[in-house]
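Trainee: Input sequences plus hints: build the corresponding full structure.
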Amino acid sequence: MKNSRRRFLQIAGVSALGLGAKPVLNAFASGGAEGPGYHVAKGEDARSAKQWAMVIDTRKLQTAEALEPIIEACNKIHNIPTGIENKNHEIKWIWETHYHNAFTDKASSFLDEAVENRPFLLLCNHCENPPCVRACPTKATFKNENGIVMMDFHRCIGCRFCMAACPFGARSFNFRDPRPFIKETNKEFPTRMKGVVEKCNFCAERLAVGKQPACVEASNGAIAFGDLYDEHSEVRELLKENYTIRRKQTLGTEPAVYYIV
Amino acid sequence: MLELAVKGNKWYWGWVVVLLGIIGAGFGIYMMQLKFGLGITGMSRDVSWGFYIANFTYLVGVAAGGVMVVLPYYLHNYKAYGKITILGEFLAIASIVMCLLFIMVDLGQPMRALNVLIYPTPNSVLFYDAIVLNGYLFLNLVIGWNVLEAERNGVHYQGWLKPLIYISIPWAVSIHTVTAYLYCGLPGRHFWLTAILAPRFLASAFAAGPSLLILLCLFIRRFTNFDPGREQIQSLAKTVAYAISINVFFFLCEVFVAFYSNIPGHTTHLKYLFVGLHGHGALVPWMWASMILMAAGIVLTVTPATRKNESSLMIACFVIILGTWIDKGLGMISGGFVPNPMHEVNEYAPTMPEIGITLGVYAIGALVLTVLYKMAVGVKEEAHS
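Order-wise, the sequence lines are chains Y and L.
Going by UniProt numbering, the first sequence opens with residue 1, and the numbers climb by one from there.
Going by UniProt numbering, the second sequence opens with residue 1, and the numbers climb by one from there.
Heads up, some of the hints might be wrong.
Below, simulated EDC-like cross-link-like pairs (lysine to aspartate or glutamate); rule was C-alpha separation at most 16 Å, straight line [unchecked claim]:
| id | chain 1 | residue 1 | chain 2 | residue 2 |
| --- | --- | --- | --- | --- |
| 1 | L | Lys35 | Y | Asp177 |
| 2 | Y | Lys87 | L | Glu347 |
| 3 | L | Lys83 | L | Glu381 |
| 4 | L | Lys271 | L | Glu254 |
Residues from chain L shown here face chain Y by an in silico Cβ test under 8 Å; the list is partial [to be verified]:
| id | residue |
| --- | --- |
| 5 | Gly37 |
| 6 | Gly39 |
| 7 | Met43 |
| 8 | Ser48 |
| 9 | Asn77 |
| 10 | Leu107 |
| 11 | Asn115 |
| 12 | Tyr119 |
| 13 | Asn123 |
| 14 | Leu126 |
| 15 | Pro187 |
| 16 | Arg189 |
| 17 | Asn340 |
| 18 | His343 |
| 19 | Glu344 |
The hints are simulated quantities; they were obtained by calculation from the structure and are not laboratory data.
Glycine included, each C-beta is placed from N, C-alpha and C at the ideal position.
Mentor: Dropping the structure here:
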């Protein structure tokens with residue numbers, strides 16, 4: 001419980017808070033199912049949910065150019081190295097792919113051309129039943145009280161079992177020191193060291209201060225974010241009105257990222 | 001008994017020096033890896049486990065194979081194996097040492113390895129793998145050492161060893177079962193997602209381990225004054241014959257299920273391995289070589305004439321070791337990661353530094369085995385002179 005290294009979030013949260021809010025420091029009560037000793041820095045405006053979820057309206061994101069600012073926003077605030085020339089060592093939190101690759105089990109031979117040519121955003125699905133959390137031998141990856149699958153970069157031993165367990169290819173490993181490849185370091189979010197796994201965190205550090213995830217903010221309304229178990233949330237409204245699909249639903253991991261096609 | 005290991009002729013010391021040289025080189029390369037990160041290997045975002053974990057998996061099998069002499073001797077009182085059980089147990093020790101080293105060199109942050117113990121996580125199979133591997137190492141160290149010491153003193157081994165010996169038998173099965181569970185419980189990795197993975201691992205282990213033991217016995221007979229015995233070698237050969245046949249049968253079961261069901265998720269990995277996928281087929285010649293080697297191993301060990309002839313038996317053991325090593329050490333891990341979850345094909349091949357570190361680990365295992373066998377053979381020579 002005294003693991004101060006777990007406070008990176010807290011520090012990130014405090015930094016983002018500025019002067020207007022103060023962090024709640026007594027969040028130790030957050031139950032044993034989450035990582036032990038883990039606590040989120042919460043501001044007065046902190047947003048919480050039973051299970052955060054995302055709905056991506058791909059109809060509003062027809063071209064690669066439309067995705068660019070979204071991906072860039074994420075890369076920038078999370079200090080994701082983008083200039084690594086060796087493809088083996090790439091770090092990806094949110095990236096673009098084709099329909100066939102995103103929805104491997106839903107790609108028929110003769111497909112609506114508009115859908116087939118549309119770029120799709122891939123990111124960690126923050127599964128309700130995450131196989132990566134099951135596999136991790138140190139609880140370095142764990143589910144927080146808002147349903148977000150988190151990574152503790154300081155506890156990760158770099159065994160990469162979580163990468164084998166993730167059926168969505170959402171995790172990246174720092175095969176080398178990422179810092180020389182970060183164009184402009186955001187001081188409010190930690191950089192990583194070599195030898196640890198990382199991935200999208202649904203902007204937990206922004207939710208803690210009442211903000212929306214960066215990709216949602218940069219999407220001009222194409223991406224919605226909200227509590228899956230709040231029937232009045234924006235995501236539930238969208239799910240009610242639109243036909244949505246999820247990736248590899250048959251595996252039973254219950255991905256929390258929904259796509260309107 | 002360690003004094004027996006520091007008395008040797010120039011061949012013995014020459015061999016030790018060669019091993020130390022390889023270990024030194026491997027260690028130097030490992031220092032480079034520590035400094036730069038695992039980026040000096042051929043692993044990638046898609047193939048996140050490679051040569052280290054593949055060799056780890058193979059050697060868990062070799063370690064488990066030791067039980068094929070322990071079980072008949074202690075459980076069925078098959079007296080003949082009394083002469084060689086120690087060789088099986090010591091082979092298991094050397095193998096487990098290599099397994100643990102392969103895990104260590106595969107970690108991105110090895111200095112945090114103790115986190116596995118500091119934050120025990122019973123939902124992770126890796127937690128159990130750490131328990132069974134270290135437990136098996138401990139059991140074999142205690143049993144092997146004490147039984148050999150008793151033999152040297154001309155007495156029966158102590159009674160308290162008996163329960164440990166009995167525990168060590170299912171424990172040997174557990175190490176390879178749990179290692180298989182590392183792979184076969186993962187959603188979306190259809191090549192591994194099969195209940196027959198653990199049995200298949202065990203079948204290949206019971207072929208590879210005893211094959212290596214036969215070769216070691218033949219070597220010991222040729223170069224020392226201790227003869228492990230013809231009957232012992234022939235009994236081991238029969239074990240190998242059954243195990244390698246079952247291993248290939250299990251593999252064919254996988255092929256049937258994949259291709260008769262014709263479900264793409266299950267066929268693509270086998271296609272990648274044996275005929276190539278989307279123009280990628282780095283492992284195709286290897287996998288066919290593995291199949292041919294294992295088939296040759298079956299023919300040579302099942303046919304009485306070639307099994308009874310120790311020269312052809314030697315060849316049989318050699319091809320089986322090679323065939324099963326390619327199957328597990330190259331195909332099993334890469335085959336599970338390629339194609340990736342997005343059905344993209346990104347191939348993997350170990351790099352030179354990766355191979356260098358691997359050789360270093362094998363050299364440490366060979367050194368451990370050399371020292372242990374030197375003691376075992378020394379005691380046997382004393383006892384029989």
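Trainee: Now look at each hint and say whether the structure bears it out.
Mentor: Comparing the hints with the structure gives:
| no. | hint | verdict |
| --- | --- | --- |
| 1 | L:Lys35 x Y:Asp177 | holds (10 Å) |
| 2 | Y:Lys87 x L:Glu347 | holds (12 Å) |
| 3 | L:Lys83 x L:Glu381 | holds (12 Å) |
| 4 | L:Lys271 x L:Glu254 | holds (12 Å) |
| 5 | Gly37 | holds (4 Å) |
| 6 | Gly39 | holds (4 Å) |
| 7 | Met43 | holds (7 Å) |
| 8 | Ser48 | holds (4 Å) |
| 9 | Asn77 | violated (40 Å) |
| 10 | Leu107 | holds (5 Å) |
| 11 | Asn115 | holds (4 Å) |
| 12 | Tyr119 | holds (5 Å) |
| 13 | Asn123 | holds (5 Å) |
| 14 | Leu126 | holds (4 Å) |
| 15 | Pro187 | holds (4 Å) |
| 16 | Arg189 | holds (7 Å) |
| 17 | Asn340 | holds (6 Å) |
| 18 | His343 | holds (5 Å) |
| 19 | Glu344 | holds (6 Å) |
Figure legend: structure checked against the earlier numbered hints; the only hint not met is number 9.
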